[in-house]
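Throw the hints in and build the complete structure from the sequences for me.
Here is how the chains run, residue by residue.
2 protein chains.
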Amino acid sequence: MTIRDLDTPCLLLDHRRLDANLQRMADRAAALGVSLRPHLKTAKSAHVAARVTDGNRLGITVSTLREAEYFADHGATDIVYAVGIAPARLDQAAALLARGVDLKILLDTVTAAEAVAAHGAPFQVLIEIDCGDHRGGVLPDNPLLLEIADTIDGAVAPALRGVLTHAGHAYRVATADAIATIAEEERVAAVRAAERLREASFPTDIISVGSTPTALFARSAAGLTEMRAGVYVFFDLDQQSRGVCRRDEIALSVLATVIGHNVDAGKLLLDAGGLALSKDTGATAFRPEVGYGEVCDVAGCQPLPGLFVTAVSQEHGHVQVPDAAVFDALPVGTKVRVLPNHACMTAAAYEEYFVVTDDAVVDRWSRVNGW
Amino acid sequence: MTIRDLDTPCLLLDHRRLDANLQRMADRAAALGVSLRPHLKTAKSAHVAARVTDGNRLGITVSTLREAEYFADHGATDIVYAVGIAPARLDQAAALLARGVDLKILLDTVTAAEAVAAHGAPFQVLIEIDCGDHRGGVLPDNPLLLEIADTIDGAVAPALRGVLTHAGHAYRVATADAIATIAEEERVAAVRAAERLREASFPTDIISVGSTPTALFARSAAGLTEMRAGVYVFFDLDQQSRGVCRRDEIALSVLATVIGHNVDAGKLLLDAGGLALSKDTGATAFRPEVGYGEVCDVAGCQPLPGLFVTAVSQEHGHVQVPDAAVFDALPVGTKVRVLPNHACMTAAAYEEYFVVTDDAVVDRWSRVNGW
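One line per chain: the protein sequences are S and Z, in this order. The opening residue of the first sequence carries number -8 in our numbering; numbering runs sequentially from there. The opening residue of the second sequence carries number -8 in our numbering; numbering runs sequentially from there.
It is worth saying that the hints were derived from the structure and are not from the lab. No residue lacks a Cβ here, since even glycine has one placed at the ideal position from N, Cα and C. Certain hints may be false.
Claimed, not checked - Chain Z residues, not near chain S, derived (Cβ > 12 Å throughout):
no. : residue
1   : T68
2   : A104
3   : A169
4   : T248
5   : E280
6   : V353
7   : W356
What the hints assert, rightly or not - Chain S side only, calculated, beta carbon under 10 Å to chain Z, not exhaustive:
no. : residue
8   : P0
9   : T55
10  : H110
11  : V254
12  : D271
13  : G273
Claimed, not checked - Computed footprint of chain S on chain Z, listed as stretches where at least three residues anywhere in the stretch have a Cβ under 8 Å from a Cβ of chain S:
no. : segment
14  : -3 to 10
15  : 109 to 118
16  : 225 to 234
17  : 253 to 261
18  : 300 to 308
19  : 320 to 326
Here is the structure:
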């Protein structure tokens, strides 16, 4: 079967690019002398996990407990759930512990710590640190850090394992130097929080940082035990626009069909719209022209010059054409590939990947979605 | 079971608001003297379809052939597939005809018309008209209109049934007068195209227009046979921000849990992020403050003053708080409801609706997603 035989829209995963991306990050972790704990929120597929974890040698990261259950079903035993735990989810987390999964949960408030302490299950706990992203977490020097640690460490059942932070603000810059500076902030925040815990005699055997940009551009991992990264498995325009990857490293694309020509409006229409591509426009901060995706040919996934998804409605991708010759080059029925802005968001609309090498479809890999 | 017993994030559908919305549009169609052909791309649920179509009395509209197959499985027989047909999808469409479904397909190019003519199946064809939205369609006075009609009408198997247009540009304005003006453009474009076809002796038994805003604010449906509308079944902030509905008519909300407090950053975190809410920010054109959603209480779905989802990452909704008292009012573990920007996009992330009356969960309704 070739790509041209597939119904559209569907999700294509380039096998060679995937493998090269996995190797690039594995080499990076080795060079920094730190463990890699891949974040599987991007791929959400046991088939990708098997390649990225090299036969379950590595621990993994997930963003939902449904992912944790799915990957546990496929053999994962060492899992960090890297989103603050809702107290109502503790029974579900305890069930994973009871089946033998070494699950680490995350929290950043005394309220959540008290719920964990009161539950009675032997939870493994990481405290979330805010390293400058200002999403979740406590600042490394906030007195709350020790109060939360004391609540966990003073209880009978749970065990404090250490700290975790994520430099999401690395997505707001676009040079290697700026990313490296943020990577150092991420490292220093985690190490500083761990030092404070150690000085107060709390355990800190896990000191976890990570994002794809900071993992790739960090100059040091001194004092860290692991780094997490997710989107590097596929990359996307968001990463490419920030200089984190080259366009020909992007392993994920959406196969679409030209379904209309609005010649008067200078526009062709694709059957990949807001649902098939997502409404993420992250790459436009640094590459305003890309809109909702960059249009490429089917065979080589090479850009068709000047063609971008300039607008979307639910099932339509609008492509403003630079000149009328495009209508002749891409008649109704032509298939194209669209490089997505944000792989994590785009992939979530699909049940499976069609794995491709050049234009051959070599496999189908399932995903886990939802909550 | 009450709403508070549900795992988060999940999708809540208010039963009374849904029924009132269905009645409002049914009354509107009756007042205009035109048939209503509900667009089920928003709800994608046979349970909603059964209520909206009043026992299959009405024809329906769909945005994918997967929806067409799903609704046919649930008894629908009169279906308009309102997205330009990809020639490679003709076999799939023919299979629906073969099982007795009166499926109407849409096209706007001679290329697609030739593929339909050459196929051999008795396709029912609508020609898409551009009434000013500049998405798909030919302008009513474009010579292409007659060329496409001739290609279909001159072939043995397919039948030309008429024209279809959609005033998507009604989403760019925010007053009843401005919407009414666009509704009139939509009507005139469809009627003009049909007149040209009739003058050339082509059949035009279907003259179809529609969008939720234009359906609700049109002053006339003279010359039309039907109007399509979809998002009115649920409404959303996008519609509310344009004055199309009141906030207390929005039937869809996302149930979320407070999973973190970043007191230093003045922010609380929800477990509903970019995947659970979608990254659509349509309402911000007219209500910039709403961000990715408006935060409401669980019991009455009433707005919590000043609380909006100001940013999202994959599984985090960030809520910048106006004052620190919010942290005491909404401790970690508190559940809230988030009104979505765009119901069609948000609902697509979920497998089912939890149907609620006040805070009681009275039913679970499945959806069809994907392609």
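Consistency of the hints with the structure:
1. T68: Given that every Cβ of chain S is farther than 12 Å from that of Z:T68, nearest at about 22 Å, it holds.
2. A104: 9 Å, violated
3. A169: Z:A169 clear of chain S: closest Cβ-Cβ about 20 Å, beyond 12 Å.
4. T248: Nearest chain S Cβ is 4 Å from Z:T248, so the label is violated.
5. E280: Holds, since 19 Å exceeds 12 Å.
6. V353: 21 Å, holds
7. W356: Holds: least Cβ distance 15 Å, greater than 12 Å.
8. P0: 6 Å, holds
9. T55: Interface hint status for S:T55: holds (6 Å vs cutoff 10 Å).
10. H110: 12 Å, violated
11. V254: Where the cut-off is 10 Å and the nearest Cβ of chain Z is about 8 Å from S:V254, the hint holds.
12. D271: The hint holds - S:D271 has a Cβ within 10 Å of chain Z, the shortest such distance being about 5 Å.
13. G273: 9 Å, holds
14. -3 to 10: holds (count 4)
15. 109 to 118: Answer violated; 0 residues pass the 8 Å Cβ test.
16. 225 to 234: violated (count 0)
17. 253 to 261: holds (count 6)
18. 300 to 308: holds (count 4)
19. 320 to 326: With 3 residues closer than 8 Å to chain S, the segment 320 to 326 of chain Z meets the three-residue bar; holds.
In summary, the numbered hints that this structure violates are 2, 4, 10, 15 and 16.
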